[in-house]
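The residues making up each chain are set out below.
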Amino acid sequence: MVMVYSDNKRLALELIALGKNLAPSLGGKVYAVTINQPEAVIKELVAHGVDGVHEMTTNIPQFKAEEYANLLKDLILEHKPDLVLIGSDKNGKELAARLAGILNTGCVMDATSVTAQGKTITAERVVYSGTGIAVEQFTTTPAIVSIPPRAAEPLPKDEHHHADVMKKQVTLKEYPSKILSVHEAKSEGVHVEDAEIIVSCGRGLKNKTDIQLVSDLAAALKGKTIGCSRPIAADLKWLSEDHWIGLSGHKVKPKLYVACGISGQIQHIAGMRDSGVVVAINKDPDALIFKSADYGIVGDLYQVLPKLVTALKEHAA
Amino acid sequence: MNIVVCAKQVVDVSEIKVDPSTKRPVLSGIAKKISDIDKNAVEEAIRMKEKVGGKITVLTVGSADAKERVKELLAMGADEGVVIVAPVDSEYSVVATLLAAAVKKLGQVDAVLCGEASIDLFSGQLGPRLAGVLDIPQLTYTTKLTAEKDHVTVERNLGDHAATMTSPYPVLISVTKEINTPRLPSLMQILSSSSKPIREWKAEELAGGPLTPKIKTLDIKGVPMSRKNIVYQDDLDASIHKLVGELAKEGVLR
Ligand SMILES: Cc1cc2nc3c(=O)[nH]c(=O)nc-3n(C[C@H](O)[C@H](O)[C@H](O)COP(=O)(O)OP(=O)(O)OC[C@H]3O[C@@H](n4cnc5c(N)ncnc54)[C@H](O)[C@@H]3O)c2cc1C
Ligand SMILES: Nc1ncnc2c1ncn2[C@@H]1O[C@H](COP(=O)(O)O)[C@@H](O)[C@H]1O
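Taken in sequence, the protein lines are chains A and B.
The first sequence: position 42 = 42 (the numbering used here), numbered continuously.
The second sequence: position 234 = 234 (the numbering used here), numbered continuously.
Relax, there's no trap hidden among the hints.
Chain B is faced by these chain A residues, among others (derived, beta-carbon under 7 Å): (1) 66; (2) 94; (3) 106; (4) 133; (5) 137; (6) 176; (7) 182; (8) 184; (9) 256; (10) 290.
Covered by chain A, according to a simulated footprint, are these stretches of chain B (three or more residues, beta-carbon under 8 Å): (11) 153 to 162; (12) 166 to 172; (13) 176 to 182; (14) 220 to 227; (15) 232 to 246.
Simulated from the structure, these hints should not be mistaken for laboratory data.
Glycine is no exception: its CB is placed at the ideal position from the N, C-alpha and C atoms.
From just these sequences and the hints, can you work out the full model?
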């Protein structure tokens, strides 16, 4: 049996689809776990092909890895799934890892593929900042695997699909850590993963307002998506995290990626190495980014970008 | 207060190349260093100690040569190091079991700090996994930490939102790169750190028996990347003209 969990509904639907793919050699069934989710969410999971739902309600209203890992542990010990798929967002990752620790079982984070040969489960994941792919085989059950978004398309919706919904109210042991407050980060609703053209900026920019130069170039290329390196989003907070590209940010594969004032450290490259054509603009002729680029211009981006915009407009005309 | 920092010796990933004939990443001969974010964890431990007092122990599971790297962390301000010598490719269940055993052996530990993720494997697995084994609270992705005598308050970066959380000790905290800038030790500190102890513990003794991995790495495939690497660096107008021409030929101009 495959058990899936994510508190992100879209991810949960993707996990169900992935689980259904793997289930034939693992007993056929995919069960989802929901914790304190409204009826509407359960209905959707059912309509998207899950075989059963453990609909749990608890004394802990907000996600906390400590308590939720114990809840999953009890369900796993009772139902003995061969494979547990967990959505790889930040909550999911810390949950999967903690759960694996409690159960003393194997765990692969951010798998890019999962296969089941009979009951033997193998997962692949990116290592060495994109330079390698490790092929990991589980020797114990359950195998715990965290799956990043977009690994599978949800199964088509079928309002008549039936699943067993098992409701249970549990009182979890409380840990002394406490959430004091939650602040929504401002999201600009950008989906860099979908963009065909991305113009990205890094610390080569001197001021937040200079991002205008970058969006002007994006517009001249008839794109609108702006990306950035980690420091621009995480340290300076000039752009929201939706724009952050790299190992710890988003992985993109546009047809054209333009890196402006980005040094090209391997952790940035990890997020854009699958791009089609890569262009780099950097004032340092020795910048690493040129090693990861098809075309490069050595120059000050404050001169290069406006001139490039003019040249592109002339070309289009 | 007793603070433990888990620090990992890693290969410098930026130097790894893929062997064109075997299609595998070549790891031999690559420089080793302490995983970047683990230095942020050491820095944060030092700030905690400066505020509430205590002792900082660095724990690492790896090869015996990790001692050289641990010295750098002692020079920064950690008080002692323990290298737990284990097979090089120990998987997470083994590393977490060993670190948990070491934490218990050290006696009363209040805070266990680690990095958000290691730069070679980038799993973000070890911290929360260890917290699970120790059955203590976990505060992951910490971007700001305020330590008091009996509790910590942290800001956590959860991507689409941030959270402020608090926990009494013992607690496990994983830190991000943004939490601080690790200090560079002075020459004096480097010299005086040579008298700080680095112990070596054997994995099997610490665990009290053999450790069975739960995962077998069957293969590590290389992912080569080839780029044209055409760089224009003379006259800017001419460079831009050539670039636009090439982009048009590539068919990426709409
Ligand atoms: C575990 C880990 C995970 C990480 N994850 C990510 C990630 O997901 N994404 C990411 O981006 N980084 C990540 N990093 C950080 C990464 O290692 C680099 O530190 C970061 O990418 C550097 O950002 P940058 O290129 O903007 O800045 P810098 O390295 O400071 O580079 C700025 C560049 O701009 C150039 N420049 C300056 N002025 C001008 C000018 N006027 N015109 C033209 N060029 C100019 C400089 O020559 C320089 O090359 C991670 C690091 C770690 C340790
Ligand atoms: N072998 C190890 N020895 C000590 N600490 C480790 C080891 N492996 C991982 N860690 C710690 O766990 C963090 C996360 O690592 P990872 O789960 O590999 O991304 C690292 O930043 C270290 O703090």
